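Asker: Put chain B on the given structure of chain A with help from the hints.
2 protein chains.
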Amino acid sequence: MADDLTIVAENACFGGRHLRVKHRAATVACDMTFAVYLPPAAAVEGARVPVLYWLSGLTCTDENFMQKAGALRLAAELGLAIVAPDTSPRGPDVPGDPDGAWDFGHGAGFYVDATEEPYATHYRMHDYVVHELPAVVEANFPVSDKRSVAGHSMGGHGALVCALRNPGRYRSVSAFAPIVNPSAVPWGEKAFSRYLGPDRSTWRAWDACALLEMATERLPLLVDQGEADSFLGKQLQPDALRTAAEAAGHPLTLRMQPGYDHSYFFIATFIDDHLRHAAAALEA
Amino acid sequence: MADDLTIVAENACFGGRHLRVKHRAATVACDMTFAVYLPPAAAVEGARVPVLYWLSGLTCTDENFMQKAGALRLAAELGLAIVAPDTSPRGPDVPGDPDGAWDFGHGAGFYVDATEEPYATHYRMHDYVVHELPAVVEANFPVSDKRSVAGHSMGGHGALVCALRNPGRYRSVSAFAPIVNPSAVPWGEKAFSRYLGPDRSTWRAWDACALLEMATERLPLLVDQGEADSFLGKQLQPDALRTAAEAAGHPLTLRMQPGYDHSYFFIATFIDDHLRHAAAALEA
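Each protein sequence line maps, in turn, to chains A and B.
According to my numbering, the first sequence holds residues 1 to 284 in order.
According to my numbering, the second sequence holds residues 1001 to 1284 in order.
Excised from the complex, chain A in its bound form (with noise of 0.2 Å):
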């Protein structure tokens, strides 16, 4: 392991390990927590397992997956990594919200690189997640370059945009209850106004929706979306994402699930599919 990564905490988990990682990170000019988990899979010698990366939401950190979801279980069985970065940069040095809201600044990173100050030098949440994460990963523990990505609503945007972005780089793609549209809902209109500027033409290269009108490859995207999510008409609108993939002729597996909410009850319950959705992709 290189000399710049500090293991932070390491627990075994279903014959694997789990670990946390915090290392200086040159993209985001902070130090960065992620968390990794290796399938018992990984501790094969020279073995190198696909790697699932999870993008989470908003006020999370790189905990809240790793220990709510259940995903875990299945990753031993199924020989997958699991890697789950922190959703911003963080620290005395980075600026936050100025009114110290939760929904922008610290926790709120939005997976984009941002062009305005104060939070053009940090908040470069996408390059980060997208090359310095994986080449960290890679570089340091048994893991290969076949990668998927998922994550959690402001993650679900993440997780979306960073496939549309990067044709070739991800073998699958899959959201829970997504931010699809951020240009044009609340949340998303306050984080890409001060990440981005006022000139909402460049929105559209970090909007889902927008992304699906560009993409030149046609990556299947499954979402799936609780119908009792208290954010569903306001902030997530997976409709406009229905709308956008059929015009563009992308391939999209919408679930509605009746009585979900959008809490981590309601990943725990499907996450074992978006597990084998990217497994089936990595052939893991």
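Hint data in this document are derived by calculation from the structure and do not stem from the laboratory.
Just to be clear, a hint being listed does not mean it is correct.
To be verified - Only part of the chain B face toward chain A is listed, based on derived beta-carbon distances under 10 Å:
{"no.": "1", "residue": "A1012"}
{"no.": "2", "residue": "C1013"}
{"no.": "3", "residue": "A1071"}
{"no.": "4", "residue": "S1193"}
{"no.": "5", "residue": "D1261"}
Bear in mind the structure is a predicted one, so any value in this text is a computation, not a measurement.
Glycine included, C-beta positions come from ideal geometry on N, C-alpha and C.
Answerer: Chain B alone, transformed into the frame defined by chain A:
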């Protein structure tokens, strides 16, 4: 549902329902919040499903197990309800640790019935868990009086003591990393000296190792203990349980798990075995 129960949260999960319920508890003379998971089978007209009572460890509330154990997937499949109470009485009128420590008072009721002031009024968690809570649950939810009990750490102690003190009340019992001999370890000595007073002879009625000597029912004990648990030698001492069980001729399956620590990553790894252990006894 009775007028004095309030649903404070509800989430669909694995086709069933997770509820957080607040009620006025007479035994502990304060408002208490417990969680209940009702599997899909409980929604069938006229159904009465069996219940696993889960007792959590120090600092926990009703939430930790439900969010972190990954138990609800198999509970749904087995048709098993799970009830998770809080770990102590709480509130501004409930005395806590005089020094604000985390191992006594709020979040640390130790599942005993206190006899010493100022704790005797509220700290009656054994009575609450064994009698009042099941009565409330069985009167208000579609569950039966077939009960199992399990727990972790302080709650593993609680599970063993609840089963050993109340022959016939539970169909099965199991524990993760239980405090098996609280009379002889720092956590237990601190708690028992304050809740039960200085006469150590009274402590025996709340100590699994001592209770094994007096047991009239030979309910098999299932215990998982991580070998990398940082509390193993000082607080948990599973060998004391092994010795006591052997001396009493009491059936014990003690599984030492190499590499596993005290966390919910450990619990998640082996919880399915405990659910199946309970379900087999409950004929769930």
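Asker: Next, verify each hint and record whether it holds.
Answerer: Okay, the hints, checked on the actual structure:
1. A1012: holds, 4 Å
2. C1013: The hint holds - B/C1013 has a Cβ within 10 Å of chain A, the shortest such distance being about 4 Å.
3. A1071: At 9 Å from the nearest chain A Cβ, B/A1071 passes the 10 Å test, so the hint holds.
4. S1193: Since chain A brings no Cβ nearer than about 33 Å to B/S1193, farther than 10 Å, the hint is violated.
5. D1261: Check passed: Cβ of B/D1261 comes within 6 Å of chain A, closer than 10 Å.
Comparing the model with each numbered hint stated earlier shows that hint 4 is the single one that does not hold.
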